[in-house]
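These are the residues of each chain, in order.
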Amino acid sequence: MEMQTENGSERVVLKVEKLRIHYATPQGDVIAVSDISFNLYEGETLGLVGESGCGKSTTAYGILQLVQPPGYIVNGSIEVDGTEVLDLSEEELRKFRWTGLSLIPQGAMNSLNPTMRVKDQIIDVIESHEGKQESKEAMRDRIYELFQNVGLPNRIYNMYPHELSGGMKQRVCIAMGVALHPTVVIADEATSALDVVVQRIVAQTLVKVKDEIGVSLIVIGHDMGLLAQIVDRIAVMYAGKMVEIAPVENIYAEPLHPYTRLLIDSIPSIKERKPLKITEGITHDPRNPPSGCIFRLRCPFAWEHCVEVEPEPIDAEHKHEVACHLYDERFEERRANAFATFANS
Amino acid sequence: MPSPLLQIRDATKIYYSGGFLGDKKSVVALEDFNMTIDESPATITTIAGESGSGKTTLANLVLGFIKLTSGKIIFEGEDITDMTDEQLKAYRRNVQAVFQDPFGVYNPFYRIDHIFDLVNKHFSLSDNQKEYREMVEAGLNVVGLYGEDVLRKYPHQLSGGQRQRIMMARAYMIKPRLIVADEPVSMVDASLRASILDAMLRLRDDHNISFLYITHDLSTAYQIGDQIYMLYQGTTAERGTAMDVIDAPQHPYVQLLIDSVPVPDPTDKWDVDISLPSEEEMRTAAAKGCRYYPRCPHRMDKCLVEQPPLFKMEKPKHEAACYLYEENEVAPIEPPMLVNRPMTEAAVATAAGRTRERMVAAALIVVAFVAGVLIAASREPEVVVETVIEEVQVVVTATAIAPTEPPTATPPPTAAPESQVIVPAFTVDPAGAVDKGSITWGEDTFGEIESADDRHIYTFAGIEGVTVELKLITGGRGLSGTGFYAPLATIYDPDGQIVFAFDRARRSNRGELTFAADGDYQIVVGADDRGRGVDAYTITIEGEAPEPTPMPTLPPPAFVVEREGAVAKGEIVFGEDAGDEIQSVDDRHSWSVSGVAGTTAHIRLITGGRGLSGTGFFAPFATMYAPDGSIVLAFDRARRSNSGTLTFAETGTYEFVLGADDRGRGVDAYTITIESEEG
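Taken in sequence, the protein lines are chains A and B. Going by the working numbering, the residue at position 344 of the first sequence is 344; the numbering climbs one at a time, nothing skipped. Going by the working numbering, the residue at position 668 of the second sequence is 668; the numbering climbs one at a time, nothing skipped.
EDC-like, lysine to aspartate or glutamate: derived pairs with alpha carbons at most 16 Å apart: (1) Lys271/A <-> Asp259/B; (2) Lys271/A <-> Asp247/B; (3) Lys271/A <-> Asp244/B; (4) Lys274/A <-> Asp226/B; (5) Lys153/B <-> Asp285/A; (6) Lys208/A <-> Asp271/B; (7) Lys271/A <-> Asp268/B; (8) Lys208/A <-> Asp273/B; (9) Lys95/A <-> Asp124/A.
Pair by pair, the computed Cβ-Cβ distance ranges are: (10) Ser186/B <-> His284/A: 19 to 27 Å; (11) Asn107/B <-> Tyr72/A: 30 to 38 Å; (12) Glu332/A <-> Lys317/B: 48 to 56 Å; (13) Lys15/A <-> Lys153/B: 37 to 45 Å.
These aren't lab readings, by the way, just hints derived from the structure by calculation. Given the structure is predicted, the values throughout are model-derived calculations rather than measurements. Every residue gets a Cβ at the ideal spot worked out from N, C-alpha and C, and that includes glycine.
Generate coordinates for the entire structure from the input sequences, incorporating the hints supplied.
Written as structure tokens, this is what we have:
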């Protein structure tokens with residue numbers, strides 16, 4: 001069913017199902033990503049958020065087939081526009097990167113080749129997929145157009161990465177990421193090392209380019225404030241699990257999962273001075289996760305059922321899923337009581 | 001008035017790089033920065049700004065990792081650069097640090113208790129094992145942790161938040177007065193940050209420990225900060241309480257910064273796109289005047305002339321450095337307060353036995369002076385007058401100060417001393433410059449310094465930017481290593497601020513002073529640090545005298561020279577052989593340069609073989625104007641370099657205008673080299 005909504009179309013461009021990624025260690029496997037499933041719709045910007053070590057970057061690298069040993073994909077399916085990425089050969093995969101899926105990496109300063117001019121790095125990306133280009137002028141114009149898309153001046157064409165500021169380097173990475181008009185672009189903490197004004201410029205650039213070129217975007221980050229500004233939906237991960245995925249307006253107005261509530265509550269405000277809300281971090285061993293719900297050791301609402309049964313994603317609303325027993329119809333009364341008690345305490 | 005814990009006055013830090021034969025490049029990381037943290041109640045003072053704003057430089061200066069280029073850092077009344085080893089040791093105890101990376105500071109092979117053992121060893125907290133264990137437990141409890149949960153663990157078994165709190169506990173055990181926390185939460189997950197901030201609040205409120213909280217995260221500053229300083233390129237753009245500044249920012253940069261902090265509300269999105277000028281513009285155009293000029297939406301011509309001072313805003317203590325508020329009062333820089341150093345028993349006895357009359361001259365001066373002064377005596381008079389000092393006022397005070405009295409009132413330093421005033425004994429050369437010369441005083445002349453309350457005051461003219469060497473000799477003996485047997489002498493600038501002191505802490509009878517402003521400087525000489533009188537001394541001041549300034553007013557621009565075509569590798573050379581020189585402050589040489597958009601030119605200016613050296617500026621002022629008349633590059637005193645890079649934003653004729661140097665002296669030869677890649 002094709003239907004236009006506020007947040008883009010209903011056409012799924014990326015379908016991730018039961019993706020599971022482990023890291024092998026001498027003491028046993030660490031479960032980095034635990035059977036996560038989600039859809040990315042055409043033209044959508046999806047934020048993937050969680051604390052360090054929650055598996056958000058590993059998920060991205062899994063989708064891109066870039067998981068490095070000792071990490072490995074245990075099972076799952078990743079479909080981009082109907083193509084099963086996990087079935088592609090090395091050669092096909094190489095072609096698929098940049099055109100089907102591309103990455104804007106974390107810390108642009110380290111991902112550009114310091115010995116190559118900016119233009120040569122972009123030409124490299126284009127020619128590796130489209131072969132040697134005949135016209136130098138046409139190539140230059142194409143790169144100038146990319147520069148224009150990301151708000152870079154043409155004069156950096158001949159420059160080396162060290163001559164650029166952090167914000168400019170990050171924009172060069174964005175230009176490379178969209179150079180071949182991929183279906184899905186994944187931006188991994190693309191703005192987190194930047195100053196706040198530059199961060200704003202880069203984030204706005206990212207959204208503008210996405211709209212102009214018509215790609216779908218996954219933004220990985222930990223800054224809930226920044227994500228509120230630029231994404232359409234947010235997927236919240238905790239210890240390798242996806243605990244909630246929802247339209248951005250819903251998740252800030254009424255977070256459902258207790259962990260999402262904690263995340264939203266712990267965003268420090270610059271509008272209002274509030275008492276600090278103190279919580280402890282992950283307390284379980286990632287090699288040996290607790291039974292039942294992954295969050296139950298930190299959850300103020302957990303009861304026996306959470307110890308026994310692992311919650312499955314529940315459809316709360318359109319495009320809104322939450323993995324928490326409290327939203328199971330059977331426990332509606334418990335939910336009402338729990339939240340009332342919590343609000344009073 | 002609360003007494004200050006930490007005072008930073010006119011702190012400037014310049015990093016130099018390169019320059020064996022060529023020109024040194026310098027980066028001004030911090031410029032004329034002023035700050036006061038009160039002793040009580042303890043506060044959290046936030047230093048915020050983007051990378052390169054100087055905030056980490058400031059942290060490193062306060063921690064003593066690096067030294068100031070100029071200015072003062074005064075902790076509990078003691079200038080840290082003048083501290084003795086013992087005082088420094090105490091200072092390091094009193095000022096602790098917590099760093100950004102909660103992973104890097106731990107040795108992964110040791111359990112957590114090892115960190116506390118090291119502290120105990122280093123600071124000798126307790127020999128008693130039981131007592132020591134209790135101290136560790138108490139420290140951990142303050143930050144919300146328990147020994148049994150963490151002490152036997154390895155660092156990797158703890159969260160970033162726990163690790164940062166352990167660093168706070170460690171700092172707490174040493175019972176410091178101040179903790180410098182450099183981005184303590186930025187590497188810690190959002191949901192765990194609150195625990196660290198809470199630990200900071202507890203240390204502040206329950207244990208009277210102040211924080212210098214260095215961060216780029218304005219929201220945490222807003223939640224827990226008391227005062228905030230917003231830095232921009234090494235200067236304070238705005239300061240005030242965190243609430244006032246963040247709720248109602250006044251400086252255009254701070255407004256943009258706060259508007260750019262992403263609001264965690266999808267219904268309140270950024271409404272406008274912003275852009276930044278190119279890197280080159282940001283660096284070069286701000287060489288003089290307001291650093292924010294190239295980016296500022298409200299910029300005015302006067303912003304290029306001089307760095308704006310901090311103007312007072314409506315709320316108390318809220319100040320912004322922007323000419324938009326020039327009708328407001330300029331915020332005064334509080335004079336530094338130095339405390340009375342402990343006197344030797346003998347000195348205390350002598351001082352106590354003396355009559356105490358109040359000297360009228362600036363109580364502040366007096367206090368600082370006394371603070372420094374009391375030392376020992378010398379005999380043989382020696383008098384030399386070589387060259388001179390204009391209008392040296394010799395003021396021999398008959399009576400003086402109550403050295404032990406606290407600085408309750410602060411009469412202006414201009415008040416006339418209740419004393420015998422002897423007018424200039426010597427005259428000076430007409431240039432009025434500080435010249436090679438000395439002030440010599442001895443029993444053959446007038447009165448000696450007879451008691452701890454006696455003062456000799458000399459006035460001399462200082463010229464901005466000139467550096468003089470100072471030497472104080474008493475009866476042939478100098479100030480030796482630890483024993484100080486010379487009069488204490490202090491130099492005050494025209495505003496009454498102490499800019500130099502020969503005192504016990506100095507441990508040298510020599511020094512150097514660069515005048516920050518033109519005007520009358522005063523040197524006040526008193527008894528030695530034992531309170532004994534001094535009957536002869538010589539103060540020698542050696543400085544480079546400015547050349548006499550011929551100042552005939554000549555008609556404007558002598559001529560215009562065209563250089564054709566694009567900027568290419570080439571030179572504009574001008575010298576006395578070529579014809580007219582820059583003869584006066586009103587003379588201008590104007591050169592037209594064709595710039596090609598996108599081309600970057602490297603421009604170097606050399607005067608008569610000399611470039612612009614570090615602090616002394618002896619070259620013509622030169623300014624480059626874009627075709628639309630805006631200034632794109634300026635060689636001036638603020639630049640402190642004779643080279644610059646300029647990327648032409650548009651194709652057209654750029655004007656390069658040269659004038660006299662910053663002393664108003666003419667220039668008779670110069671070379672401008674322009675090197676660039678063809679566009």
